[in-house]
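**Student:** Protein chains in written order, with the working numbering: chain A, 1 to 299; chain H, 1 to 299.
Any given hint might turn out to be false.
To be verified - Ranges between beta-carbon positions, derived for each pair: (1) Ala270(H) x Ala256(A): 31 to 41 angstroms; (2) Asp98(H) x Thr199(A): 53 to 63 angstroms; (3) Glu130(H) x Glu265(A): 20 to 30 angstroms; (4) Glu265(A) x Ala263(H): 44 to 54 angstroms; (5) Asp273(H) x Ala123(A): 45 to 55 angstroms; (6) Glu265(A) x Glu215(H): 45 to 55 angstroms; (7) Asp220(A) x Glu130(H): 23 to 33 angstroms; (8) Gly216(H) x Asp157(A): 33 to 43 angstroms; (9) Glu265(A) x Ser131(H): 44 to 54 angstroms.
None of these hints come from the bench; they were simulated from the model.
C-beta: ideal position from N, C-alpha, C; glycine also.
Okay, here's what each chain looks like letter by letter:
2 protein chains.
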Amino acid sequence: MSGEGDRPSGRAHPRPDMTPVDHAELALLLEVASTPKPGNVDRRRDHDDLRFEHFLAGAVGARPGLRLAAGEGSDDGRPPLGEAFERAVRGMSQQDGDNTQFGCLLLLVPLVRAAATDRLSPAGAREVVESTTVDDAAAFYRAFEHVDVAVGDPPPDADALDVRRGADAVPDLRARGLTLADVMELSADRDGNAREWTTGFERTFAAAGAVRDDEGPVTDRLARAFLDLLAERPDTLVAVEHGDDAAREASRRAAAVRGDLDAAEDLAEAFHDEGINPGTTADCTAAAAFVALERGVPV
Amino acid sequence: MSGEGDRPSGRAHPRPDMTPVDHAELALLLEVASTPKPGNVDRRRDHDDLRFEHFLAGAVGARPGLRLAAGEGSDDGRPPLGEAFERAVRGMSQQDGDNTQFGCLLLLVPLVRAAATDRLSPAGAREVVESTTVDDAAAFYRAFEHVDVAVGDPPPDADALDVRRGADAVPDLRARGLTLADVMELSADRDGNAREWTTGFERTFAAAGAVRDDEGPVTDRLARAFLDLLAERPDTLVAVEHGDDAAREASRRAAAVRGDLDAAEDLAEAFHDEGINPGTTADCTAAAAFVALERGVPV
């Protein structure tokens, strides 16, 4: 239940009483507190209608869904992963900022399930993903009805599966027999979070390792991890909102300030003014925070 | 269980799924996020060894104790209040900043108990306080062993009851038959949190009403409430650390910027430089946030 299996052997965990659910919630809080994360809400910056405190309430509200992901609070074993995700999103949405952490939760829910079943590793996460069903996919679609999520167009020939249809797409999902893993596979080349689902959370685990090996306050480590992630690969939310060229340009600018949080302050101001929001990179940062917390990074 | 009885009638609660435990945790988060709160860690300021992220981890870590306060997660009804408090403090201490929210939890634990039993009112809080036992007092003393709490000298003729003795004071407590309510009564004239315990949480409920009636983001409302509370009464932590005159002077300076968050920014810089930390006023602000959240203040 505690993900002990992945903890560094021979070292006492700094938070012996914290469960994967606690660490997932704390990861959401540390992600939004980490600054600068150019283009995102952080400890120093709000967006016009999306403020820091909305993320705090979103993190607390997501807990019942995170508990379902861990198999807590349910009488009949571990509830389906899609149900846990939909519950987390519904709870998250109990604040006035609308969508705060949809993408973060999409990454955290399978990782919490993996941690709670002592397999928080790329292979374990793959097992969790591969176990998803058509019902999980249906719940994922229903989750889009709770908040307004910025997404790209559906894959070619897949208009019927547009997530913006919400529950209306469920009959088409069922007709095609698509599991949640299948749905993610269809979007993996255009959505960074879907890509994590299909790659054993490759970038998440790599970033978590870097965070654990880094030094200084955990929020500085996470800010550096965000810059590295953005420098390494264009953000797919920026691509949806501003096009592929703009997403590549944002990554070039992140690469130029990589490792230098002072220089990144200026980039944060610039992205804020230009409306560039690398939100998918922030999602991966939150997921990396979770893995790093489970593996004993100090706070 | 949900404190529904105190919610404004005829209006849907903005957070239908959030329990008193959720609101207590969110209150801890909103308190530290609210800025400026001169002299305290807030969204814009850290202390040298006590940083914002320590408070985030403290809030998450306190949850199991807050759940005991609400009667959740226990097989045998509602566990004793002192046990809930000690558990909350122990969980809070799982971060590297040492004491983050001891005083906040001392106020929140009885208020969560009151909310969870549908009596979140001054009279209901008094009932909770009056129901405390010698065992609750013993657990309160044990809680001091988890973190380093700044406290004043014990009452005259009560050296044996010095909270700094921790569990060593328990035999003396038992010999005198003192309940937790009795212990608070002994300290009420020198400790702002103990005073709340003995007055039906008078200032907490008044501040919560002001927060609910105020306008704008909840974190701005809480920052204004902090200034009002500090202006109205000297902070007892400042008195312990710097003397009564310094505490009165800090309140005069707060009164001069009351209602003006821009002017309070300068005061925050000044208090930070002078090492003036009105922490007891921040505790009351967190408690007021909890009551305001239960009563439907928007986030």
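**Student:** Going through the earlier hints one by one, which of them does the structure break, listed in rising order?
**Tutor:** 2, 3, 4, 6, 7, 8
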